[in-house]
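Chain P is fixed; fit chain R onto it per the hints.
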Amino acid sequence: MQKQYEFIVVGSGATGAIAARTLVEAGKETLVLDPGIWNEEKRKLIPDMDWEAIRRKEKQQHRFFLGDDYEGIVWEESRVGSQLTPPRIYLKEKVEEWMEFQSQRFFPFESMAKGGLGGGWGGGCFVFSDAELQKCGLNPVAMAKSYQQLADWIGISGTMDDGGKYTVGGLQNLHEPMALNPSMKLLFDRYGKKKKKLNESGFWLGRSGMAILSKPLEGRSASKGFEMEFWGDNDKSIYRSWMTIDQLKSSPHFTYADGWMVSHFKETEDGVCVSAISLKSREKVEFKCKKVILAAGVLSTARIVLRSMGAYQKRLPVLCNPYTYMPTLNWSNLGKVSNSNRSGLCQAMLFYDQNGNNETVAQAALYEYRQLLLFKLAKEAPLGFRYSKEIMRALESSFVIAGIHHPEEAGKDKWINLIEAENQIFGDCMQGDYRHSALEEDLIQKTESEYKKALFKLGCIPIKSIRTPQGGSIHYAGTLPFSESDEPFSTQLDGSLSGFSNVYVGDGSGFRYLPAKGLTLSLMANANRVALEALRTMD
Amino acid sequence: MVNQQFELEKEAKQISRYLIGKECTGELAQRYVEAHQKLKIELLSAEEFLWKKALKSRFWMACVDSGLAFIRPKSQIRRKIFVMLALLEASVDYCDEFLSEKKSRFFMLVYLTRQGIKALFFAVVGVVFIKIYGDAKAI
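As you go down the protein sequences, you meet chains P and R in turn. When we follow the working numbering, the leftmost residue of the first sequence carries the number 1, and every step to the right adds one. When we follow the working numbering, the leftmost residue of the second sequence carries the number 1001, and every step to the right adds one.
Since the hints were derived computationally from the structure, they do not count as laboratory data. A couple of the hints might just be wrong.
[As the list claims (entries may be wrong)] Below, simulated BS3-like cross-link-like pairs (lysine-lysine); rule was C-alpha separation at most 25 Å, straight line:
#1 Lys1038(R) <-> Lys44(P)
#2 Lys1022(R) <-> Lys376(P)
#3 Lys1038(R) <-> Lys59(P)
[Said to hold, decoys possible] Calculated from the model, a selection of chain P residues having no Cβ within reach of chain R, i.e. all distances over 10 Å:
#4 Lys44
#5 Lys194
#6 Gly202
#7 Tyr312
#8 Tyr325
No experiment lies behind these values; they were computed from the predicted model shown. In this text, a Cβ means the ideal position worked out from N, Cα and C, and glycines have one as well.
Bound conformation, chain R alone:
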């Protein structure tokens, strides 16, 4: 039980690094553990491999999340990330990562293009990875 809690806290910090580029506080990691338990999130055995891969680095989490968004958007892996996103947004410490910023329209268009290209890149890599490697492992 203690071990599982420790693993989930580690998971929270890793997801947080992927979502906002920094580790969340211990308090928020504990909230993730609580939410995880109350919402009864359980990975399917077929998802275990992909999740382990995602936890290795921000790069792999981006690939797995983006790939699944395209192939299996309702995957429990995505649900874990979604829960962390909600927790980060509803916390004083990280609200700046979510509130809109006043910028010029030109800046915003450049920013949107950059984010779109990144999203597309990770979606392509993620889909290829999941199709070739992730699904094969699941079988």
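Chain P extracted, bound-state conformation:
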């Protein structure tokens, strides 16, 4: 007779890993079902040296900077996911084959990797305000406990500066933030001088909360300031979901089954039967458990739910933050170069809180460019490559890239559905559309325009403003929105799927609203909360 687990968690990404840890630490027999795609080869190639030492000494650098198939030399127009560096390209492996998504306007990015999209996380940690949590449909008191649990588990560096209320507000036991890179220090100096004017227009500058360690934690090392965060994470100083999965493997209560794509579930008299297909053999197998937590990522969870309910053609809402790139030039840093102890991660956040109530806030993450290599930048100028390279090289130390996330509400033209498609592995395929209303479009443009003015005040001259295609922010939510009633295709406030007693939704499917602030910490905190709720009903 097949073993019945107490819990099955579907997915090993940011939410699946945290749900699993919560259950395993409560002593529950837990199985994680996951496609689990992984690439150890590239990981081993990257030496334990800082970025500039690698550039000067490592003869094999082209293998991880450009890739063995030169996949890092992208000539075509940038698409969602094309910013992945070769060591991270495994994050999108097999996705088109197993999870086809058809749309003219919505281009979501999904992953079948061990650790899911969390493998490419920039590490930004943001605690949503009570107002934001309530708009999402989340209970601020329950979330506060889970936020703190997460801070203790993954380690968050940060400080209570002017941006603190938007980032790490309320969290205890924070790690010291990394030292500021010189160009970022210039921004903070300038902010100090222009603070009054900027605050009056609703702008606040602060350090980002970051899931990066400044002291060792649970077998992970403190960051050495090697500036290699977009290429490798061998020292484990920045948190990745796969680290939790690997850590849980030592527990007798935990089983990680990789190579499986979950198809659907069925509630039975004594629990849930979860059907999955083997990636290798395409064999179909059923796994039994008392309760299941779906944490496969918003779109995959929607596929599983719609398939399980035979609800083809049923439209579900979807949310994705609009995203704007704004490259700027900070002239005061022209010709200044510093090579020691740097971070390639975002070090400064510029928040736009127009109403001053921490409810509808836009956020811009401010990055330097250096570690992503010059040749990609040289392609962007309408000049011969020789001159473009020389100009970009001279300007490189002054580039500050603002990545602006806009808050997002649901709308009638933002939807996904599942249609039958015989030629697909599961016999179906997901479709979707994503359009903003004229009013929303207007608001996004106004926000961009306000950011241009604020960045200018900080000494950063905006060069252009590039809106990524819908789906480009890689923040998705809202397909099974939280509801107090028991209407189908919604999530109950305790995280259970409406109409089911033993099926829980642990990812962002329930969020009715998407704040602009980075989503990952809140997703993980919610996964912890949902797992605790599921445990409560078990006991």
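Chain R in isolation, oriented as in the chain P frame:
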């Protein structure tokens, strides 16, 4: 096949002379051949004439590259140069050509102005050449 490889290696060295002012090593030229094959870069027949002209000297490569950057930035000719640029940057031997240097702001402004003027000059000459001569040959 051997002949094609030899031609591509020669091409790599010529592009390298244009991009950084010196010939690349044989090892890097071979990497260019490999990248060229893996990325399946093939010139359109209309681009053959311009590419032959570009390979004649650094001056002509600057004209063709700069002109195309303006007229047809996604040309396969530019793609060849772009691939070589990436290979040069990701190699120990030439990283100094790509890493930023500490200089005064005044120096940088003068340098940027000089590079901008050169870029503009080659863009104008390149556009005129491609419009009058390159496109006519292609037809």
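Each hint tested on the structure:
1. As the CA atoms of Lys1038(R) and Lys44(P) are separated by approximately 23 Å, the hinted pair is consistent with the 25 Å bound.
2. Distance check on the hinted pair: Lys1022(R) and Lys376(P) sit about 21 Å apart at the alpha-carbon level, within 25 Å; holds.
3. For the given pair, Lys1038(R) sits about 21 Å from Lys59(P) by alpha-carbon distance, which is consistent with the 25 Å threshold.
4. Against the 10 Å criterion, Lys44(P) stays outside the reach of chain R, whose nearest CB is about 18 Å from its own CB.
5. The beta carbon of Lys194(P) sits about 21 Å from the closest Cβ of chain R, which is more than 10 Å, so the claim that it is off the interface holds.
6. Distance to chain R confirms Gly202(P) as a non-interface residue, since its nearest Cβ pair spans about 32 Å, more than 10 Å.
7. Tyr312(P), annotated as away from the interface, keeps every beta carbon of chain R farther than 10 Å; the closest lies near 39 Å.
8. No Cβ of chain R approaches the Cβ of Tyr325(P) within 10 Å, the least distance being about 19 Å, so the stated non-interface status holds.
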